[in-house]
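Visitor: Chains A and B, in that order, are what the protein sequence lines are. Once you know that position 82 of the first sequence is 82 in the numbering used here, the rest is easy, because the numbers rise by one and skip nothing. Once you know that position 45 of the second sequence is 134 in the numbering used here, the rest is easy, because the numbers rise by one and skip nothing.
Some clues are possibly wrong.
[Claimed, not checked] Result set (DMTMM-like, lysine to aspartate or glutamate): computed pairs, CA atoms no more than 25 Å apart in a straight line: (1) B/K108 - A/D48; (2) B/K324 - A/E50; (3) A/K68 - B/D206; (4) B/K133 - B/E101.
What the hints contain is simulated information worked out from the structure, not anything from laboratory work.
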Amino acid sequence: MRRAVIGGAAAAMAAAAYLLAPVRLAVSAPPLAERDVAVLRAAVRPSDGEDPFASIPWETNLWDARTKAAAAGKPLLLWEMDGHPLGCG
Amino acid sequence: MVGRASAFADPEIIRLATKEFVPVAGDDWYQRRRTDAEGLFFKKLTDQGPRAGTKAHTHQGMYLFTADGQLLGFKNASQQVDATRQTIRDALAKFRQLPAARTRPGAVSVPEHGPLDPQFARVPPEGGLVASVFTRILDYGPGGYRKGKCEAFGGDKAARDHLWLTADEVKAMAPARAEVGSRYPVPKAVATRLARFHLIDNTRGEPPDWQPDQVRLSRMTLRVAAVTPDGIDLKLDGEVLLATDANPAKADRGFEVRLVGDLRWKPAAGAFDRFDVTAVGTWWGDMHDMQKGRPGRSLLGVTVELAGDRPADRVPPQWARNPAAYFGRE
Chain A
1 MRRAVIGGAA
11 AAMAAAAYLL
21 APVRLAVSAP
31 PLAERDVAVL
41 RAAVRPSDGE
51 DPFASIPWET
61 NLWDARTKAA
71 AAGKPLLLWE
81 MDGHPLGCG
Chain B
90 MVGRASAFAD
100 PEIIRLATKE
110 FVPVAGDDWY
120 QRRRTDAEGL
130 FFKKLTDQGP
140 RAGTKAHTHQ
150 GMYLFTADGQ
160 LLGFKNASQQ
170 VDATRQTIRD
180 ALAKFRQLPA
190 ARTRPGAVSV
200 PEHGPLDPQF
210 ARVPPEGGLV
220 ASVFTRILDY
230 GPGGYRKGKC
240 EAFGGDKAAR
250 DHLWLTADEV
260 KAMAPARAEV
270 GSRYPVPKAV
280 ATRLARFHLI
290 DNTRGEPPDW
300 QPDQVRLSRM
310 TLRVAAVTPD
320 GIDLKLDGEV
330 LLATDANPAK
340 ADRGFEVRLV
350 GDLRWKPAAG
360 AFDRFDVTAV
370 GTWWGDMHDM
380 QKGRPGRSLL
390 GVTVELAGDR
400 PADRVPPQWA
410 RNPAAYFGRE
């Protein structure tokens with residue numbers, strides 16, 4: 001009987017210790033070897049022609065654009081977005 | 090973004106924007122708040138549009154106008170390619186009907202801008218570093234990493250952002266000793282900025298940044314790899330764990346990521362002429378107000394490289410909206 005009580009207490013202490021133990025933090029990201037870098041960068045970066053929007057010579061300063069338009073005798077096309085106006089494809 | 094992908098893939102719209110107009114892109118979050126000359130000019134434009142007099146919180150859309158501020162056309166989005174093209178053509182026709190005294194080169198005089206709005210105008214840090222940041226979902230196969238696939242429209246494209254470092258932060262990243270093998274940590278402000286604001290899945294919209302306590306683990310080290318007359322070559326190595334819960338297993342959103350980098354410091358110039366950082370990791374979880382991403386854990390890659398000198402390279406980092414947080418001045 002006494003052995004059973006001790007065993008139960010030990011199990012409870014072990015469970016408490018498990019619950020209270022700090023979470024072990026580790027990064028389980030995929031490997032990133034030197035040989036992967038060139039392939040990885042090519043996969044992430046926009047490929048030539050992938051985003052036709054980027055082929056337009058966008059100004060990003062409205063005042064500079066006004067000045068250029070006035071000098072060239074052209075109207076302006078403003079693409080206005082909430083967020084990075086040239087952000088994602 | 091959906092509209093942009095549709096309309097601005099049209100060759101005629103690209104031709105019109107490039108040849109017949111001066112194309113300019115703006116961030117409405119800033120421009121609708123600015124109280125300087127640019128903000129007032131933008132308000133003059135929006136007051137001529139269909140949202141004038143409404144309580145609209147956004148001024149997104151395509152505006153076609155003269156250099157002196159007359160609105161010639163507007164479209165709130167550009168999903169419909171034919172309608173967008175026609176709106177642009179109609180605006181060009183209106184412009185050509187205006188008197189030459191307003192349209193010939195040099196006819197309009199644009200005044201000096203004057204002081205910038207101190208709260209809502211952003212310019213790259215003087216003497217600092219501007220880098221381009223690209224992010225994309227990835228898959229992995231026999232040939233290694235490749236562009237990922239997903240069901241969200243446009244979610245497979247590379248997202249673009251910029252990283253800004255101040256002049257002091259650039260200097261702090263330089264090696265104190267030009268001795269091959271010497272190691273030192275990436276300055277905390279730079280490591281924190283990369284982790285909180287640039288190790289983010291922004292491929293489907295505007296995600297939240299990581300809060301300071303959500304950076305659960307961050308280690309980034311620089312090592313002097315070579316010293317040559319060209320400069321000092323540095324290798325960056327790091328790992329970061331970002332999670333919305335202290336126990337990553339319980340976090341509804343997270344990113345476990347490894348980083349490597351090749352940087353070159355030019356002592357004479359006091360600048361980096363190479364700043365290539367590459368990161369890959371497993372991302373999980375979705376974000377409010379964004380299209381759903383891939384289920385479960387999936388690969389996400391991030392690259393950083395020195396930006397060029399086009400106007401598009403001066404677009405501020407997304408999280409420079411909160412400069413105190415972005416530059417660690419909270």
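Visitor: Each hint should be assessed against the structure and marked as holding or not.
Guide: Structure-based check of each hint:
no. : hint            : result
1   : B/K108 - A/D48  : holds, 21 Å
2   : B/K324 - A/E50  : violated, 30 Å
3   : A/K68 - B/D206  : holds, 22 Å
4   : B/K133 - B/E101 : violated, 29 Å
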